[in-house]
Amino acid sequence: MNRLLAAGVSLAVVSLAVPALAQTMPDPANVSGKIVNYVHFTNYIDDGSYDRWEAEFKALYPNVEDIEVLGIADYAGQIATRLATGDIGDVLEISDQVPADELGDFFLPLNDLGIHEDYYFADRWAFDGNVYALTFGVSADGVVYNKEAFKTAGIETVPTKFSELKAAYEKLKASGAYPIVLNLADGWPLTSFEGLATSISGDPNFLNATLEDDTPLAADKPWGKSLGILKDLIDSGLAEDDLSTGHWQDSKGWLASGKGASWFLGNWSISQIATEGATLAGLDNYDANNLGYFPFPYDESGGPYNASSGPDWAMAINANTANPELAKAWLAFILTKTDLAQKAGFIPGYKKLPPTLPQLAEFQTYSPKLIEGTPPLPALTNVRNTSGWNGGNAIRDLVNAPDFNAAVGDVNAKWAAAAARER
Amino acid sequence: MTFNAAVQRRLTIFAFLLVPVTFLVVLNIYPVLQLFWISLTDFNSINWRRAEFVGLRNFIDLFTFDRDLLVPMTRSLYYLGGSVVQLILATWFAVVLNQKLPGSRMFRTILFIPFVLNAVAAGLIFKNFLELNGAANDILQLFFGEDFKVTWLDSSKPYSNLSLAAASVWRYLGFNLVVTFGALQAIPQDQYDAARLEGANQWQQFWRITFPSIRLVLLLQFMLSLVGSLEVFEVPMLITRGAGETSTFAITMIETGFQNRRAGTAAAMAVLMLAVVVIVFIITRLINSSRTAMKEPL
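Residue numbers (this note's numbering), protein chains in the order written: chain A, 1 to 423; chain B, 1001 to 1298.
These are calculated hints, taken from the structure and not from any lab test. Everything numeric in this text was worked out from a predicted model, so none of it was measured. Backbone N, C-alpha and C fix where the C-beta goes; we use that ideal spot for every residue, glycine too. Please note that a few of the clues may not be correct.
With beta-carbon atoms standing in for the labels, derived distance ranges [as the list claims (entries may be wrong)]:
#1 B:1277 x A:118: 35 to 45 Å
#2 A:322 x B:1119: 32 to 42 Å
#3 B:1011 x A:77: 43 to 53 Å
#4 B:1278 x A:410: 40 to 50 Å
#5 B:1215 x A:320: 55 to 65 Å
#6 B:1055 x A:288: 56 to 66 Å
#7 A:77 x B:1289: 56 to 66 Å
The shape of chain A in the complex, shown without the other chains:
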């Protein structure tokens, strides 16, 4: 799985230009009219990127009248309701809302575009050989850190053992910074500890395998170890002081200024610190190279460590679109001929596009083994939903519980009951 990063990074060094691509793009003669595209990247509407991409697209497809790009700030919150009512435009973005066996109810197969053969996580939204959605790009979880803050605290080398990480965090705490910003109250940032459980297990199919386990959170199992690490960091006072109210936006500024020394999230978060974060912190001409990125050292082995990776949002086409030709052309264009994924700091989902984020090169020097998680089985989705052990909010409430061990037992029991129902 290292080829993903290795290939990408070597390409990144060679060239930043978008190479000419050969694929079965729809014939410009058949592509005309207009479509609606719902997107979560409101920032790329605001900064004119989508206008630029639309202009480039129209240069290739002169008969196209209009691509109406509509941004939704609370995309994750709205998309489920929109799917239920069918109000999803022609082109949209999805993550894990729709179980694999129901994808065909909502979306058009994208196989005839031919791009899925050169694509990361193409099987993530596939069923019966049909590919229904393709991701913008891939992120790997790691510790994103402010180099200056580490230097100020007297940390010379990147920690390669968990004990070293904690020692470094103690130094950072002494220097007055928040050693690790967890954004606990927001809930969702804790999903990287789900990825950490996968990394600790070393098994891409780890989450699906928990279906057969009645005590997945036991302290000696990957989930238990990951949660133990999180709990340890909190109890040692190494996180930000306010864990009870959300401050996700502010925390980007903390990472930029060094008030927050690190966080454990995907590479997608780096560009947000360097742009929005720097603005929030009032720093002009921010040098993004001040931000580093290393694999989370989850034990005492000294590495190299596993780093779980996963896809970001994926583009799909409404099965009921009135203009499938244009929708397909636009989807293929955005995914393979624009710099969207690179701007966002992803490893582009389309393998022929090189990632341009310099931090990925640094990450690679620690020789992490990337774990590409297998798609969740529909049964896994069901058990997660029924048991409530589902995502960041559940992790937040667990580590926040007055009695941690009792709460772990409680989640295990609910998991076992839900899994028994599913079998």
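On the provided structure of chain A, position chain B as indicated by the hints.
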């Protein structure tokens, strides 16, 4: 073409009713019927085509398999306690402001402002006030020193609900105040004049004249508070995002329906809440009618 008077009258009534009845059906009755229907299915909140009828399974599950989903209902007690405090405070303020003191109009407006304030803005104000590095601790540090910090909103502790209930009191006090104040205005002044002639003190005036006159209004407000405390949503959602101990029944319902994609179960929870509200309503009406029946002579 002409219509006789009776037909004209009916047409007029029909025309006037058309719009409100349409709204009522489309925006109220249809969604409620749909809610009942969803509560009998395993709809996954996205795909209608795969929804299957499961009878009363969701309801049975709520009391057996999923009984943990009902736990947050107990947190309504904090808000109910808060609303009793709120009602007492509001009545007190209303009586005081009814004395035609200088500036009473201004105070009334000030106390009413939180209610007309946008719910999100009010939530954010209290978040900024109560958070660890917020205004409340800043003020207290002036008195108790730099190191004084209270985690008012620590969602691992039940007491955080008191902080949230306080925010709720602040927000809804103005509503109670204005309603009670309106009821006070309707009490004829000569009753007080007569009572004063007889030598009644302030408390006797309140207890013998004011309170009986506004009792029905207070009861109505208490009923609304009771229902409101079952449905608490935006205050904890905005301030702590309903984490841990601060989750309420409505927040759990939303999480179940949308995050965990169990629309059937969530709809069953909503129906259950509706049933509780109706029961509370009936009990209040019964108490009320029995009280009015034994209408005490002055």
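Results of checking the hints against the structure:
{"no.": "1", "hint": "B:1277 x A:118: 35 to 45 Å", "in the structure": "violated (57 Å)"}
{"no.": "2", "hint": "A:322 x B:1119: 32 to 42 Å", "in the structure": "holds (39 Å)"}
{"no.": "3", "hint": "B:1011 x A:77: 43 to 53 Å", "in the structure": "holds (46 Å)"}
{"no.": "4", "hint": "B:1278 x A:410: 40 to 50 Å", "in the structure": "violated (32 Å)"}
{"no.": "5", "hint": "B:1215 x A:320: 55 to 65 Å", "in the structure": "holds (59 Å)"}
{"no.": "6", "hint": "B:1055 x A:288: 56 to 66 Å", "in the structure": "holds (58 Å)"}
{"no.": "7", "hint": "A:77 x B:1289: 56 to 66 Å", "in the structure": "violated (44 Å)"}
The structure does not agree with the numbered hints 1, 4 and 7 stated previously, though it agrees with the rest.
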